[in-house]
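Chemist: Using the hints, position chains R, Z and U against chain S.
There are 4 protein chains.
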Amino acid sequence: MAPDDVLALHESLTNWGRWGDDDQLGALNLITPEVTAAAAATVRVGRTVSCARPLNTVAAADNPSPVAHHMIGTATEGFGADYFAIAPHGFATSHIDALCHIFHEGKIYNGYPAEAVTAHGATRLGIHHLQDGIVTRGVLLDIPALRDVEALEPGEAVFPEDLEAAEERAGLQVCAGDALLVRTGRWHWRAEHGPWDATNLAAGLDASCLPWLRDRDVATLGSDGVSDVLPSRVEGVVMPIHTVVIAAMGVHLMDNLDLDALADACAEERRWEFLFTVAPLVLRRGTASPVNPIAVF
Amino acid sequence: MAPDDVLALHESLTNWGRWGDDDQLGALNLITPEVTAAAAATVRVGRTVSCARPLNTVAAADNPSPVAHHMIGTATEGFGADYFAIAPHGFATSHIDALCHIFHEGKIYNGYPAEAVTAHGATRLGIHHLQDGIVTRGVLLDIPALRDVEALEPGEAVFPEDLEAAEERAGLQVCAGDALLVRTGRWHWRAEHGPWDATNLAAGLDASCLPWLRDRDVATLGSDGVSDVLPSRVEGVVMPIHTVVIAAMGVHLMDNLDLDALADACAEERRWEFLFTVAPLVLRRGTASPVNPIAVF
Amino acid sequence: MAPDDVLALHESLTNWGRWGDDDQLGALNLITPEVTAAAAATVRVGRTVSCARPLNTVAAADNPSPVAHHMIGTATEGFGADYFAIAPHGFATSHIDALCHIFHEGKIYNGYPAEAVTAHGATRLGIHHLQDGIVTRGVLLDIPALRDVEALEPGEAVFPEDLEAAEERAGLQVCAGDALLVRTGRWHWRAEHGPWDATNLAAGLDASCLPWLRDRDVATLGSDGVSDVLPSRVEGVVMPIHTVVIAAMGVHLMDNLDLDALADACAEERRWEFLFTVAPLVLRRGTASPVNPIAVF
Amino acid sequence: MAPDDVLALHESLTNWGRWGDDDQLGALNLITPEVTAAAAATVRVGRTVSCARPLNTVAAADNPSPVAHHMIGTATEGFGADYFAIAPHGFATSHIDALCHIFHEGKIYNGYPAEAVTAHGATRLGIHHLQDGIVTRGVLLDIPALRDVEALEPGEAVFPEDLEAAEERAGLQVCAGDALLVRTGRWHWRAEHGPWDATNLAAGLDASCLPWLRDRDVATLGSDGVSDVLPSRVEGVVMPIHTVVIAAMGVHLMDNLDLDALADACAEERRWEFLFTVAPLVLRRGTASPVNPIAVF
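Residue numbers (this note's numbering), protein chains in the order written: chain S, 1 to 297; chain R, 1 to 297; chain Z, 1 to 297; chain U, 1 to 297.
One chain only, chain S, in its complex shape (with noise of 0.2 Å):
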């Protein structure tokens, strides 16, 4: 794809002003009660999964700020207590981008300016708007599974053809409102190899995918990696998937999931669909949340 494609992309698949000039909650919007109601309805054994990875405490190639955590109380004081600090963004941190994390020509998602963003937070699209969480149909894309690996090579692409192969393996649709979690079996090739530069180099979606996520309306996508194929196959463009769906389609990314358990689920229980739950923390004008989202099946 070239550049002026994906600029291009920014204004055909456009949802500025599709919620209001006020929206704050982008494709979230499509999340309806009816929505999450069906989604609860889809639960049947009670069983419960992780999406998320252990906060990461230890440098590496891919968390060069790793979390702090201190004990304030411990046996000698008669009671445990602790302190962690942290920069959600970072590649090895499961976390929820709020829609200001990311700008296009000056201007964030629904036409904000980015002036917006400050160094006393963001007053437009920040994280606390998501305090009711997310509670609507999970659907896992299982791109290993579908290519008979354990994991894809960092730098592979996934295309519109796998996403639509995997949803014919898995026996569904995508739909409006659904959280699509595409998996390119990071953490198996991590725990094989060792840590990398994920920065710059990361199994995810090629750029041609963005209109398919626009049509099928996706409320949220997320990824064990981050959602990116990196590098890009776009010269000039880092992150197609992260400008166009996060600016242009107000659709919030989840990057650095741990989708490996979700998968031995999903197989075990031969259903790719699941209620699922990301409840981010409430912190006002924040620009992302760590988060631990829930699969029910």
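No lab work stands behind these hints, which were simulated from the structure alone. Please read these numbers as outputs of a predicted model, since none were measured by experiment. Don't be surprised by glycine CBs; every beta carbon is placed ideally from N, CA and C. It is possible that part of the hints are untrue.
For each label pair, taking beta carbons as the anchor points, the in silico distance ranges come out as [as the list claims (entries may be wrong)]:
no.: 1; chain 1: S; residue 1: His193; chain 2: R; residue 2: His193; range: 43 to 51 Å
no.: 2; chain 1: U; residue 1: Leu201; chain 2: Z; residue 2: Pro231; range: 54 to 62 Å
no.: 3; chain 1: U; residue 1: Gly155; chain 2: R; residue 2: His120; range: 55 to 63 Å
no.: 4; chain 1: U; residue 1: Glu235; chain 2: R; residue 2: Glu34; range: 56 to 64 Å
no.: 5; chain 1: S; residue 1: Gly236; chain 2: U; residue 2: Gly155; range: 39 to 47 Å
no.: 6; chain 1: S; residue 1: Pro33; chain 2: Z; residue 2: Gly236; range: 48 to 56 Å
no.: 7; chain 1: S; residue 1: Pro195; chain 2: U; residue 2: Glu235; range: 51 to 59 Å
no.: 8; chain 1: R; residue 1: His193; chain 2: S; residue 2: Pro33; range: 32 to 40 Å
Modeler: Just chains R, Z and U now, kept in the frame of chain S:
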């Protein structure tokens, strides 16, 4: 109640060993897959409600260690990014206590030695054991509504007969595996009167509620205060609810929730039960996590 | 003084360009090697005195963002280690402001644009330029001693004639390159009356002192308050000393020092001059550093 | 050297009780006012030189817990302000160890129990006892210059005869109360070869230097490494210099200094002695402080 009575309750209400010598989950074991599935089946209208206060970055009488929130990227840098630092046990923070939080006579829940809680974190009963989340039926007992006031007075106690009257008013009974939420109206009071030293003065449960809680076999207990009435009405025992519920019964406490919106929703829906989800951050060896519990009607 | 007068002082007292277009040090250029050597030659008895308050970890009216201090290693781990987090500009912290701290009409000292101060730090006038430290003659002007009181009242102003009377009392004159310390007795007052909102009410210099400070060519100015009297007595200008001294004159300010022990030492030694050393942490692109200035008699 | 020899040195070189049962300063007691005054009298030209590395915010093999540095105010907010978080004992940070840092057989310097170091900080031997700073004669022994190399190899040991040869080369002798600085050329090596795991491989003093250090009665010891050669050449004793110097002798260690500019200045001034000042932050109960020691010629 006399101090010796609390000691006796540690013995008589104990769950040590009930779920095995290696148990790390305590009363969350009561949330079987069947309980989870049944809770999901209670969802009717798809309305979601947060039970969390926003993280508080402003020092106050009830917030001596405010959350530090700082920006990494702003309009100038071309992206939004941030960082925060938090001591989750603070009295202004909605959080869930790990079972390693409270010691009793040199031990933590299930008889593990308090020495498991080191300056390198808790080697037993860390919050990361809750990785797969809490998904169960939630029940709200709204005590101010029961007493026909906006909020209990700080220091006002709640007794077992209040819990039963609130059950009756709600038309339900608290069952094994439930997440029990007891509202005192704290934040309404704070909005009217300003912050006060909530570490020493708070509405909450009298220690006489302990046998009732054990009898109903609640899986987790939350409040807009710290569950304990403060002062505790038991000489020499600062927080009898905390110590017996956590250390003896293995029940995870959720402190400083905001249950005002939930109370409104319950009243509007005419139902005081709902699907209740809590997804603690996966902080290995941590003693707590800030949380944003979500109720779904 | 009228607001326009402060504006005029920005013009008339400016040091922009005085030490070159690329200057990053401002009036610290006045501390030539000769000045440093002469200051060292004033040492007679070898007595050292700290001018810092202990870092304050307890929230208070004058300390809304307390220092976070947590342990990494304790008796249990076999070594002592710790961690702290600090916002050095706090009103309870002894610190030195970098020249990038204060803006005036879109510019910082020497005419650099305010845009140099980004969310990635200050690309101009960062505190790291003070890596080689400040070693010069210090002079204490003890205003409460002059007025024969224990401490000035919060909000009480100091005028040029006070500075000159204090010089006379001390038997010396402030010279080019000196570190000037003006004591108001703030901490004595706090010990007697408790903390107050020192961001809005503080003893300090009236704006009429500005020409005097420029005339004496002080290299750096410190106080047990923030140098400015608060409120400032200039309508619409919150901190005229801060703005003119830092942005126009390029003089580094040291705020919230503790000068009580120094005043005692001066009185005992019968000398109000001493060798004065400040060694800011080398925080690249930082806007300040907590410091522990040391006086040597 | 055998492990038992190190144990014997703990006994034979001890300073426990030498300055009283309540002593909190250890060998800093050797810096009498006379020593300080004499050190000031060595100043001739007024040249100042920092001995600190800039605080390092970038993770690396020798910096697994980088300093977090974030902005509070930028161009957008109208002022510059920031925040940083640091674990000062890191191997990339110039810091001074408090005497509570190292334990030996359950005790810290002067025989206090290790239990004094709690998760609420060190109730004995905290860094705040150094509030009035260190002002004494500094002496640089430049081992690479002695050996006519740019830098020692990581892991290369320095012996007592090297220290004496370096003294002779410098035309001086280390005396009671001196701050002794031993340069290994670490940062030159790092600039050439990149970072390495300096926690396990570093040039420094062989344990056989311990009696020499005690004999000369140094007040404080600093290095561009951690003073210890690593690996230590004593089986089972990771850091014999650290343990004996701190726990037995009560000598404060300064780790990870940058002595390259100081070596250049010494060579240019043809003097390896100077006034040396260290001003630790006044962190109550702290185990260390980041510092920027300043040498004055």
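Chemist: Hint by hint, note whether the structure agrees.
Modeler: Going through the hints against the structure:
1. His193(S) - His193(R): 43 to 51 Å: With a Cβ separation near 59 Å, His193(S) and His193(R) fall outside 43 to 51 Å, so the hint is violated.
2. Leu201(U) - Pro231(Z): 54 to 62 Å: At roughly 59 Å between Cβ atoms, Pro231(Z) and Leu201(U) fall inside 54 to 62 Å, so the hint holds.
3. Gly155(U) - His120(R): 55 to 63 Å: Between Gly155(U) and His120(R), where Cβ atoms are some 28 Å apart, the hint is violated.
4. Glu235(U) - Glu34(R): 56 to 64 Å: Holds, at about 59 Å.
5. Gly236(S) - Gly155(U): 39 to 47 Å: holds (46 Å)
6. Pro33(S) - Gly236(Z): 48 to 56 Å: This hint holds: roughly 51 Å between Cβ atoms.
7. Pro195(S) - Glu235(U): 51 to 59 Å: Given a distance of about 33 Å, which is not inside 51 to 59 Å, the answer is violated.
8. His193(R) - Pro33(S): 32 to 40 Å: holds (35 Å)
In summary, the structure is inconsistent with hints 1, 3 and 7 from the numbered list given earlier, while agreeing with the others.
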